[in-house]
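Asker: Chains A and B, in that order, are what the protein sequence lines are. So for the first sequence, numbering that gives the first Met the number 0 puts the first residue at 0; every next one is plus one. So for the second sequence, numbering that gives the first Met the number 0 puts the first residue at 0; every next one is plus one.
Hints were generated in silico from the structure; no laboratory data involved. Certain hints may be false.
[Unchecked claim] Stretch by stretch, here's where chain A covers chain B in the computed footprint (C-beta under 8 angstroms, at least three residues):
id : segment
1  : 1-9
2  : 25-31
3  : 36-50
4  : 57-70
5  : 105-115
6  : 138-148
7  : 154-161
Glycine included, C-beta positions come from ideal geometry on N, C-alpha and C.
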Amino acid sequence: MVTLDHYLVLSAVLFAIGTAGVFVRRNLITILLSVEIMLNAVNLTFVAFGRALGSADGQIIVFFVMTVAAAEAAVGLAIVISLFRHRESLNPDSFTVLKW
Amino acid sequence: MGSETLLFYAFAAVAVVASLLVIAQRNPIHSVLLLIASFGALSGLYVLLDAPFVAVIQIIVYAGAIMVLFLFVVMLLNAPHEETDFDERVHPLLRPGPMRFGALLAGLLVAELIWAIDRGPETVEFANRSVSSVAEIGQSLFTDYMFTFEVTSILILVAMVGAVVLARREEPDR
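This is chain A alone, in the form it adopts within the complex (with noise of 0.2 angstroms):
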C-alpha cells in the first residue's frame, strides 16, 4: 500500500539531489536544471497532499508553480545567454565581478 510518507519521502530525496545539484555542478544551465528539480519535487508535495485531503488546491497550485518556472527559465536562460556573449564561459565562477 503505497501511503503519503511514500511520496514525501520521495519527494524530498529528490529536493535533495536539486539542491546538490546547484552546489556540486559548475555549469550555468546544469544549474538551472537542478532548480527545475528542486520544483518539480515540490510539485509532487502537492499532488500527494492534494490526493490525500481530496482537494483540488493542490493541483492548481503545480499550475501556478510550472507558470513561474516557465518564467524563471525564460528570464534565466536569457541571463545565460547575455552572460555567455560577454565571457564565452558557463561557469559561474567567471562572473565574480559586478562590472566588466
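Following the hints, complete the assembly by docking chain B onto the known chain A.
Answerer: Same frame as chain A, but now just chain B:
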C-alpha cells in the same frame, strides 16, 4: 505487492536515478535529456495520484516546452563541456571546497526531511474522494483563484519582455 505499489517503486526509481544522473553529467545536453526522462517518471506518479491533468501538463509544458527551451539554449551556445580548474578525474563528491560541503549539506537536508516526515502522524491514508476531473479544477481556477490566474498572466508578460530585453544584442552605435 499490488500493481500500484510496483508502479510507484518503478517510477520513483526512474525519477531518482535520472535526477542523480542529471547532476552527474558534464555534458549539459545529456543532463537535459535525462531530466526529460525524470519528468516522464514524475508524470507517471501523477497518474498514480489520480491527477491526470497535472500529468498531462507535466509532459506538455515541462518536458515539451521548458526542456526544449533548455535544449535550444544548450545547442545555441555550443558549449558542451563544463570547464573546471581542478583535476576532472577526481570524483565530484571528493572535490575541494563548496562542492564537497554542498553535497554533505544536501545529504543532511534529506536526512532531516525524512526525520521530519517520520515524526508526523502515523500513516496517512489517501482520501476516498479523489479530484481527477479537469472540469472541477477549471471551475476552481476561474472562480476561487481568478485573481492569482490573472496575476500569472502578467508574470508571463513580464518574463517575456524581460527575456527579450536581456538577450537582445547591444546596438553598435550606442
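Asker: Are the hints correct? Go through all of them and say.
Answerer: Status of each hint after checking the structure:
{"no.": "1", "hint": "1-9", "in the structure": "holds (count 4)"}
{"no.": "2", "hint": "25-31", "in the structure": "holds (count 4)"}
{"no.": "3", "hint": "36-50", "in the structure": "holds (count 9)"}
{"no.": "4", "hint": "57-70", "in the structure": "holds (count 7)"}
{"no.": "5", "hint": "105-115", "in the structure": "holds (count 6)"}
{"no.": "6", "hint": "138-148", "in the structure": "holds (count 4)"}
{"no.": "7", "hint": "154-161", "in the structure": "holds (count 6)"}
The structure meets every hint from the earlier list without exception.
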